[in-house]
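S.K.: What follows is each chain in one-letter form.
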Amino acid sequence: MFHYFANPTRFLRLARAIEPWALWLMLATLAAGLWYALFSSPADYQQGHTVRIMYIHVPSAWMALFCYVAMAIMSAVSLIWKHPLADVAAKATAPIGAAFTFLALVTGSLWGKPMWGTWWVWDARLTSVLVLFFLYLGYMALQNAFDDPSRGARAAAILALVGAVNVPIIKFSVDWWNTLHQPASVVRMDGPTIHASMLTPLLLMAVAFKLYYVWLVLVRMRRELMAARLRALRHRQAGT
Amino acid sequence: MPLFEGTDLDCVRGERLVFEGVRFALDAGGALVLTGANGSGKSTLLRLMAGLLRPARGLIRWDGSDIADGPGSFAAAVQYVGHADAIKPALGVAENVAFWASLRGAPATNVAGALDAFGIAHLARLPARYLSAGQRRRTNLARLLASPARLWLLDEPTTALDADSAARLARVIARHRAGGGMVVVSTHTELGLDGAASLDLSALQMAAS
Amino acid sequence: MPLFEGTDLDCVRGERLVFEGVRFALDAGGALVLTGANGSGKSTLLRLMAGLLRPARGLIRWDGSDIADGPGSFAAAVQYVGHADAIKPALGVAENVAFWASLRGAPATNVAGALDAFGIAHLARLPARYLSAGQRRRTNLARLLASPARLWLLDEPTTALDADSAARLARVIARHRAGGGMVVVSTHTELGLDGAASLDLSALQMAAS
Amino acid sequence: MAVLRRELALVHRQGVDSAMVIAFFVIAVVLFPFGVGPEPNVLARIGPGVIWVAALLAAMLSMERLFQSDYDDGSLELLVLAPSALEMTVAAKILVHWLTTGLPLIVAAPLLAVMMNMPTDVFPVLLATLALGTPTLSLIGAVGAALVLGARRGGVLLSLLVLPLFIPVLIFAVGAVDAAAADLPTKAQLLILGGLLTGAMALSPWAAAAALRQAVE
Amino acid sequence: MAVLRRELALVHRQGVDSAMVIAFFVIAVVLFPFGVGPEPNVLARIGPGVIWVAALLAAMLSMERLFQSDYDDGSLELLVLAPSALEMTVAAKILVHWLTTGLPLIVAAPLLAVMMNMPTDVFPVLLATLALGTPTLSLIGAVGAALVLGARRGGVLLSLLVLPLFIPVLIFAVGAVDAAAADLPTKAQLLILGGLLTGAMALSPWAAAAALRQAVE
Ligand code: HEM
Ligand SMILES: Nc1ncnc2c1ncn2[C@@H]1O[C@H](COP(=O)(O)OP(=O)(O)OP(=O)(O)O)[C@@H](O)[C@H]1O
Ligand SMILES: Nc1ncnc2c1ncn2[C@@H]1O[C@H](COP(=O)(O)OP(=O)(O)OP(=O)(O)O)[C@@H](O)[C@H]1O
Ligand SMILES: [Mg+2]
Ligand SMILES: [Mg+2]
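Residue numbers (this note's numbering), protein chains in the order written: chain A, 36 to 275; chain B, 10 to 218; chain C, 10 to 218; chain D, 4 to 220; chain E, 4 to 220.
Be aware that a few hints might be false.
Stated by the list, open to error - Restraint-style ranges between C-beta atoms, simulated for each label pair:
no.: 1; chain 1: A; residue 1: Lys117; chain 2: B; residue 2: Ser82; range: 39 to 47 Å
no.: 2; chain 1: D; residue 1: Gly198; chain 2: B; residue 2: Gly23; range: 32 to 40 Å
no.: 3; chain 1: B; residue 1: Gly30; chain 2: C; residue 2: Ala93; range: 46 to 54 Å
no.: 4; chain 1: D; residue 1: Ala88; chain 2: C; residue 2: Gly122; range: 22 to 30 Å
no.: 5; chain 1: C; residue 1: Ala93; chain 2: B; residue 2: Leu68; range: 54 to 62 Å
no.: 6; chain 1: D; residue 1: Glu90; chain 2: E; residue 2: Arg216; range: 55 to 63 Å
no.: 7; chain 1: C; residue 1: Ala183; chain 2: B; residue 2: Ser82; range: 37 to 45 Å
no.: 8; chain 1: E; residue 1: Leu106; chain 2: B; residue 2: Leu68; range: 17 to 25 Å
no.: 9; chain 1: C; residue 1: Arg66; chain 2: D; residue 2: Glu90; range: 25 to 33 Å
Stated by the list, open to error - Over the 12 Å line for every Cβ pair with chain B, so calculated as not near, a few chain A residues:
no.: 10; residue: Arg45
no.: 11; residue: Ala50
no.: 12; residue: Ile131
no.: 13; residue: Ile205
no.: 14; residue: Thr235
no.: 15; residue: Arg269
By construction, these hints were calculated from the structure, which means they are not laboratory data.
Glycine is no exception: its CB is placed at the ideal position from the N, C-alpha and C atoms.
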């Protein structure tokens with residue numbers, strides 16, 4: 036029976052090899068990014084020092100979207116090709132994405148107070164991000180709600196795919212509706228429109244966040260695989 | 010007077026008369042096999058005997074007193090195994106059986122032996138959600154041994170059982186009767202109970218109509 | 010190449026391996042009887058054959074093409090009767106059967122004959138909530154005749170049936186096979202199917218371990 | 004359309020369902036004056052929100068059973084196996100759900116609006132939002148109901164999955180009614196509600212069918 | 004106390020239930036700002052009402068399944084037949100229901116009160132009303148849950164039966180919080196809530212047990 040629960044040995048080996056690199060690179064870019072962000076980049080001529088919230092807010096907002104897209108893609112892979120690792124990866128991604136979304140919400144709302152004079156408005160961007168956060172929570176709840184883990188994984192995968200319609204809504208909400216929130220200035224068709232002195236730390240922070248994700252997702256996947264192996268062992272001992 | 014008896018029982022379900030004038034009597038060590046075509050009223054009679062239904066007419070007496078007369082010694086003396094399984098998928102097999110035993114005040118030490126008697130000792134710690142139809146039924150039957158009761162009411166107990174388990178059940182019933190227990194069982198197949206009385210509900214219906 | 014065949018089937022349920030290396034083949038007019046102890050995987054194999062479950066390894070082919078390859082001719086060719094009844098208590102017996110027939114595109118005129126074949130024509134207008142266990146099962150089996158299908162998958166179909174109905178079922182199956190139909194049936198009792206192949210899942214498990 | 008006929012027959016045979024949904028809706032709305040106190044201007048202010056939140060909860064509550072009984076009694080397996088497309092079956096079930104729960108809400112809404120002291124000239128907009136919004140609720144809810152089949156505490160889980168997706172409907176619907184109350188144009192919000200409905204119609208039967216297929220595994 | 008142990012084991016084994024109830028409670032409360040608009044003074048005004056209505060709906064939603072699974076799988080028949088008193092069994096189930104749904108609500112309430120902009124000095128009163136009120140909800144709800152066993156669309160029917168009985172609890176609880184907000188004495192309302200709780204404790208296990216007995220016929 037080993038071929039199904041067989042340890043994806045190759046994956047485990049690869050993961051163990053990548054993890055330290057990801058961790059150290061992440062720490063290095065994070066340190067550089069923070070230094071630029073806090074000391075080397077200028078304060079905005081309108082916003083003053085509050086602009087520095089951007090270096091957390093924007094990368095975490097990007098990560099919130101990135102994690103969801105990754106989760107949806109892996110869900111599709113697991114539904115269509117039934118690749119067992121895809122399930123594990125999607126499952127490992129969800130809480131990370133939820134945490135980044137939470138971070139984007141909190142920093143955004145901290146930023147909103149000085150900029151817009153309120154913590155929260157019900158505009159399209161903010162509302163759709165909140166929906167994204169709830170989607171993450173629903174995904175995790177659904178996954179744990181079944182007696183049979185593989186059933187939970189399949190149901191949650193479908194939810195992830197359905198929820199994917201929210202992603203373009205978040206991305207383009209600022210263009211489709213006139214919102215308080217400002218439109219894209221980095222990721223756009225005609226190239227970035229912000230100054231290099233702000234772009235550098237922003238990109239550094241974005242890379243650091245990505246690396247953090249890579250490291251954490253690998254660690255979580257390894258842990259999940261161990262747990263699955265343990266379960267299989269217990270089933271075998273339980274008889275039949 | 011027999012220990013367990015019913016006299017002139019009529020039963021109405023959903024405004025329809027299921028049977029009338031049924032009578033039975035059972036003494037220590039006795040067995041009663043209910044047979045009859047589908048819909049002749051076997052399950053209905055068993056529910057009457059358990060006290061889940063009330064007869065429209067007639068009396069069922071345990072040890073001389075009407076079983077409908079509130080909680081008496083009867084509740085402690087009877088165990089009922091119906092079509093439904095009463096098994097919680099989230100709990101282990103042994104936990105399921107142990108719960109019903111402790112609810113009836115029996116010690117948890119009986120459980121292992123009960124599982125063993127039905128050949129499911131190796132499944133004891135498996136969550137019940139993983140059981141097949143026959144394994145579920147055996148778990149359900151293990152309840153009978155986990156807490157002692159004089160009277161067993163079994164509704165088609167061999168459903169979903171393989172031949173080996175059906176033989177085990179026959180042995181378990183024989184031992185129960187040898188110890189003074191009684192059993193009423195409905196069935197469509199041959200159970201192999203020695204010296205059992207039998208009540209054919211189809212024949213009764215013919216006679217009535 | 011046989012009309013319906015499975016090769017090297019492994020099945021995993023709830024992270025547990027149920028069986029491995031099962032193979033079967035069935036041709037027009039053929040019958041396959043699944044036997045084996047409780048928990049040996051009969052119901053699981055039937056669900057695989059119906060396409061409700063996917064095998065972890067191996068292929069099931071109908072008329073040469075994999076049944077997992079989207080909706081093909083297979084869906085129209087197969088009828089499955091599982092442990093559950095699929096009967097709505099609020100609808101009448103005939104209405105219940107007629108719904109499943111019309112869902113499969115069969116005319117409603119078949120229904121009366123189907124009920125008659127299982128001896129429940131007199132119950133046609135009764136709401137299904139009043140049925141006994143055996144009457145429900147017969148209603149469920151009547152589906153088979155109400156809309157024609159080449160392949161019948163029956164999971165312990167004689168459960169709760171009285172002797173008379175079991176004989177009716179055997180006749181119905183024989184007629185179906187004589188017309189070129191096929192049947193796969195799991196059972197713990199003797200069904201009396203002539204010239205049926207049989208697959209003992211318990212024996213298979215022994216051999217594997 | 005055998006499914007449509009059976010579902011309608013079931014609803015008809017089982018009688019009082021729609022009446023119950025209306026009753027729930029009314030009771031939930033009536034609870035608010037109890038909870039908030041009967042000051043007319045506060046009530047009028049929160050009126051559209053309360054009516055819509057109640058509609059949402061009513062839809063969710065009645066949603067839970069959409070596939071549950073079919074799942075429990077084995078009908079679902081047969082529906083999945085049937086040669087007719089599962090997507091159509093699902094669409095028929097959703098349609099019947101809306102006819103028996105959404106439509107009654109629309110009928111009952113004006114009464115509640117009067118109770119909540121809302122000005123009569125916003126009624127047409129309120130009804131328009133309900134007409135566009137409640138089918139969306141049924142469609143989205145069906146996906147959720149299909150996903151939670153067999154889960155523990157399905158009801159609560161369903162609310163977790165579905166309420167966030169209901170939020171956009173709620174916001175734009177209440178936005179439209181509030182705009183109408185302030186004599187502003189409501190076309191934008193109604194268009195968005197229409198868009199949500201179209202999107203849900205396009206996606207939800209497929210998603211729900213996929214969820215049902217994996218539920219019977 | 005076998006029942007108590009089994010129920011707790013089931014809850015424990017099935018894991019995230021209480022978390023889900025909290026989540027529902029939070030989402031339902033959060034819906035209101037969506038529906039009503041986020042003006043701080045309006046929110047503070049309707050805060051206690053919204054929190055209590057949400058608590059009520061959360062209790063009701065989780066209530067529905069209290070006896071349902073036992074009914075469906077035949078456990079209920081055995082519980083009725085068992086020699087131990089059915090009333091005690093019912094009381095144990097109600098206790099576990101409260102521990103897993105009522106208690107978490109009390110824990111989550113301060114958070115929501117902050118979100119609704121309620122002044123911090125009414126928190127003790129809010130918590131006191133929840134502590135006295137939520138067990139009453141569990142007790143009343145259990146009777147309703149027992150009564151609707153086997154009914155179609157049990158969920159909606161249950162809400163119809165139970166919500167009217169919940170209203171007195173709602174009124175006095177919100178009354179107490181409002182009084183606290185206005186610096187008035189709250190003892191009277193809290194005493195009434197205590198009285199309702201005592202009455203419910205005395206009556207409900209018997210009523211629920213009687214309802215269960217007739218449900219298995
Ligand atoms: C809770 C409130 C907020 C939320 C949920 C939120 C959400 C987001 C999201 C999801 C993105 C990524 C968009 C994309 O990839 O195209 C983003 C980007 C951004 N946000 Fe926010 N935001 C919030 C508040 C704010 C505030 C108050 C400001 C400052 C005025 C702000 C400024 C920005 C900027 C400058 C970007 C980068 C846009 C770009 O260059 O692509 N956000 N926000
Ligand atoms: N949903 C499920 N999840 C995980 N394992 C399951 C599931 N259903 C059944 N099993 C396991 O698969 C094995 C085969 O079950 P199956 O129901 O196919 O047996 P069966 O041969 O039909 O037995 P029976 O004669 O008792 O009906 C059993 O050991 C059972 O524990
Ligand atoms: N809940 C009910 N309400 C009304 N009538 C019922 C009910 N349950 C069963 N009946 C009717 O009572 C009669 C006897 O049913 P019962 O279940 O006792 O039959 P049975 O002998 O056990 O049959 P089987 O062999 O099929 O299990 C049947 O004709 C049935 O239609
Ligand atoms: Mg019977
Ligand atoms: Mg089986």
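S.K.: For each hint, tell me whether it holds in the structure or not.
M.R.: Hint-by-hint comparison with the structure:
Between Lys117 (chain A) and Ser82 (chain B) the C-beta distance comes to about 58 Å, which lies outside the given range of 39 to 47 Å. For Gly198 (chain D) and Gly23 (chain B), the hinted distance range of 32 to 40 Å is not satisfied, since their beta carbons lie about 51 Å from each other. Judged by the Cβ atoms, the range 46 to 54 Å given for Gly30 (chain B) and Ala93 (chain C) is violated: they are separated by roughly 36 Å. Take Ala88 (chain D) and Gly122 (chain C): their Cβ atoms lie about 28 Å apart, and the range 22 to 30 Å holds.
Range check, Ala93 (chain C) to Leu68 (chain B): Cβ separation about 38 Å, and the 54 to 62 Å hint is violated. Evaluation of the 55 to 63 Å hint for Glu90 (chain D) and Arg216 (chain E) yields a failure: the beta carbon distance comes to about 45 Å. For the hinted restraint 37 to 45 Å between Ala183 (chain C) and Ser82 (chain B), the CB-CB distance of approximately 53 Å leaves it violated. Between Leu106 (chain E) and Leu68 (chain B) the beta carbons are some 48 Å apart, a value that contradicts the proposed interval 17 to 25 Å.
At about 30 Å, the CB distance of Arg66 (chain C) to Glu90 (chain D) agrees with the hint of 25 to 33 Å. The beta carbon of Arg45 (chain A) sits about 30 Å from the closest Cβ of chain B, which is more than 12 Å, so the claim that it is off the interface holds. Every CB of chain B is more than 12 Å from the CB of Ala50 (chain A) (nearest about 30 Å), matching its label as outside the interface. The non-interface label for Ile131 (chain A) is consistent with chain B: the shortest C-beta to C-beta separation is roughly 29 Å, beyond 12 Å.
Residue placement check: Ile205 (chain A) keeps its beta carbon more than 12 Å from all beta carbons of chain B (closest about 38 Å). The beta carbon of Thr235 (chain A) sits about 54 Å from the closest Cβ of chain B, which is more than 12 Å, so the claim that it is off the interface holds. Once the 12 Å rule is applied to beta carbons, Arg269 (chain A) is inconsistent with being away from chain B; the minimum gap is 9 Å.
The structure does not agree with the numbered hints 1, 2, 3, 5, 6, 7, 8 and 15 stated previously, though it agrees with the rest.
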